[in-house]
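Protein chains in written order, with the numbering used here: chain G, 43 to 182; chain P, 43 to 182; chain Y, 43 to 182.
Everything labelled a hint here was simulated from the structure, so no lab data went into it.
Mixed in with the good hints there might be a few duds.
Identical chains blur together in the list; that is why a pair holds if it fits in one copy or across any two.
Unchecked claim - The calculated lysine to any residue pairs, modelled on SDA-like cross-linking and capped at a C-alpha distance of 20 Å, are:
#, residue 1, residue 2
1, 44, 111
2, 44, 61
3, 44, 152
4, 44, 107
5, 69, 49
6, 69, 50
7, 44, 55
8, 44, 154
9, 44, 77
10, 44, 58
11, 44, 182
12, 69, 120
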Amino acid sequence: MKSHTVTLTMNVPARMDLVNITPEVEKAVRESSVTEGLCLVNAMHITASVFINDDEPGLHRDYERWLEQLAPFDPSPERYHHNRTGEDNADAHHKRQIMGREVVVAVTDGRLDLGPWEQIFYGEFDGRRPKRVMIKIIGD
Amino acid sequence: MKSHTVTLTMNVPARMDLVNITPEVEKAVRESSVTEGLCLVNAMHITASVFINDDEPGLHRDYERWLEQLAPFDPSPERYHHNRTGEDNADAHHKRQIMGREVVVAVTDGRLDLGPWEQIFYGEFDGRRPKRVMIKIIGD
Amino acid sequence: MKSHTVTLTMNVPARMDLVNITPEVEKAVRESSVTEGLCLVNAMHITASVFINDDEPGLHRDYERWLEQLAPFDPSPERYHHNRTGEDNADAHHKRQIMGREVVVAVTDGRLDLGPWEQIFYGEFDGRRPKRVMIKIIGD
Numbered sequence: 043m044k045s046h047t048v049t050l051t052m053n054v055p056a057r058m059d060l061v062n063i064t065p066e067v068e069k070a071v072r073e074s075s076v077t078e079g080l081c082l083v084n085a086m087h088i089t090a091s092v093f094i095n096d097d098e099p100g101l102h103r104d105y106e107r108w109l110e111q112l113a114p115f116d117p118s119p120e121r122y123h124h125n126r127t128g129e130d131n132a133d134a135h136h137k138r139q140i141m142g143r144e145v146v147v148a149v150t151d152g153r154l155d156l157g158p159w160e161q162i163f164y165g166e167f168d169g170r171r172p173k174r175v176m177i178k179i180i181g182d
Numbered sequence: 043m044k045s046h047t048v049t050l051t052m053n054v055p056a057r058m059d060l061v062n063i064t065p066e067v068e069k070a071v072r073e074s075s076v077t078e079g080l081c082l083v084n085a086m087h088i089t090a091s092v093f094i095n096d097d098e099p100g101l102h103r104d105y106e107r108w109l110e111q112l113a114p115f116d117p118s119p120e121r122y123h124h125n126r127t128g129e130d131n132a133d134a135h136h137k138r139q140i141m142g143r144e145v146v147v148a149v150t151d152g153r154l155d156l157g158p159w160e161q162i163f164y165g166e167f168d169g170r171r172p173k174r175v176m177i178k179i180i181g182d
Numbered sequence: 043m044k045s046h047t048v049t050l051t052m053n054v055p056a057r058m059d060l061v062n063i064t065p066e067v068e069k070a071v072r073e074s075s076v077t078e079g080l081c082l083v084n085a086m087h088i089t090a091s092v093f094i095n096d097d098e099p100g101l102h103r104d105y106e107r108w109l110e111q112l113a114p115f116d117p118s119p120e121r122y123h124h125n126r127t128g129e130d131n132a133d134a135h136h137k138r139q140i141m142g143r144e145v146v147v148a149v150t151d152g153r154l155d156l157g158p159w160e161q162i163f164y165g166e167f168d169g170r171r172p173k174r175v176m177i178k179i180i181g182d
């Protein structure tokens, strides 16, 4: 069995943004020389997500507004107990649960076996500092 | 290491419906002859989900109503920027994020290692056209 | 390829609680003697979750309050069709969908390859009875 591990470092200047990382994941799959296997991609930080959806800017604006409705940014310690620790990012810990931590993608014939519109995104909900993404491919 | 890849084609006549695909996944595991490994099942379309929960029609009605509250269908371009592209399915891209894209299930002794009530569902949120589901099993 | 399967039995006395199971998962990885691979951890029951986030009690209170807002406990058959079956736990089936069923974690150099704050939690939403968690590690 082969395995290949890559970590990306993300530097998102905004508090919230969605970044297409499909090319980086495809590159890691090529480097792995795995032809049949599984590829895990996960955020290594707990205020960020990795998810698969459409690369359409309008949809991304919709997601950001929707997540803000479901878990509003509020640095005060009244709304979120977590912000009594001195943090201001409790909302980001909630947004990440909606969007998810990770995706697992099939590798077939040496390539990511994605559907026609599937693209892999890094979802940042508390940016302005470096964070890492794990890519791990195992297979033959 | 063995691997086995199957794609199902789903044709759901309604806009939203939940379909039990556990028998199809079990069949793919048998065909794989994998006895110890992992089985990935994912929607290949970004307005659909694969998830695990209970095969109980009342619960499925509850999920549909709840998802409609969290992300209402609204083809107008006012609520969702995505629908300014000419699409009317922005709500489905949101519902799918709540229910998830994929499940990974253990394969033990040649069978899906599911808990007593776990059943695998395809969740369609923008149906009335064919869509694919990926099943990929790897192991020994 | 090696594989190793462990099931934990959780006995949570409260209806809802979040339990750090990272030490148990690390132990299973050590027992597996897998150095490079993937580790699946999933709830085997459909009113519970396995997820990764921060081990911070304030955040856990925030999650519990937020999940209660998104899917309130209500044993009556009016709010949830599922509770017409005699069950009172429809809310738990919804909460679990928000928090997710499973995590897949990379195993690198014989250890869980977690980010600095990543901890693995069992999320119980209908406790007061034993439930199982699956840990399955595959790799070399």
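Right, here's what the structure says about each hint:
no. : hint      : in the structure
1   : 44 to 111 : neither (43 Å within a copy, 45 Å between copies)
2   : 44 to 61  : neither (28 Å within a copy, 34 Å between copies)
3   : 44 to 152 : both (12 Å within a copy, 15 Å between copies)
4   : 44 to 107 : neither (41 Å within a copy, 44 Å between copies)
5   : 69 to 49  : within (12 Å within a copy, 25 Å between copies)
6   : 69 to 50  : within (12 Å within a copy, 28 Å between copies)
7   : 44 to 55  : neither (36 Å within a copy, 42 Å between copies)
8   : 44 to 154 : both (16 Å within a copy, 18 Å between copies)
9   : 44 to 77  : both (10 Å within a copy, 12 Å between copies)
10  : 44 to 58  : neither (36 Å within a copy, 40 Å between copies)
11  : 44 to 182 : both (6 Å within a copy, 8 Å between copies)
12  : 69 to 120 : neither (45 Å within a copy, 38 Å between copies)
The structure does not agree with the numbered hints 1, 2, 4, 7, 10, 12 stated previously, though it agrees with the rest.
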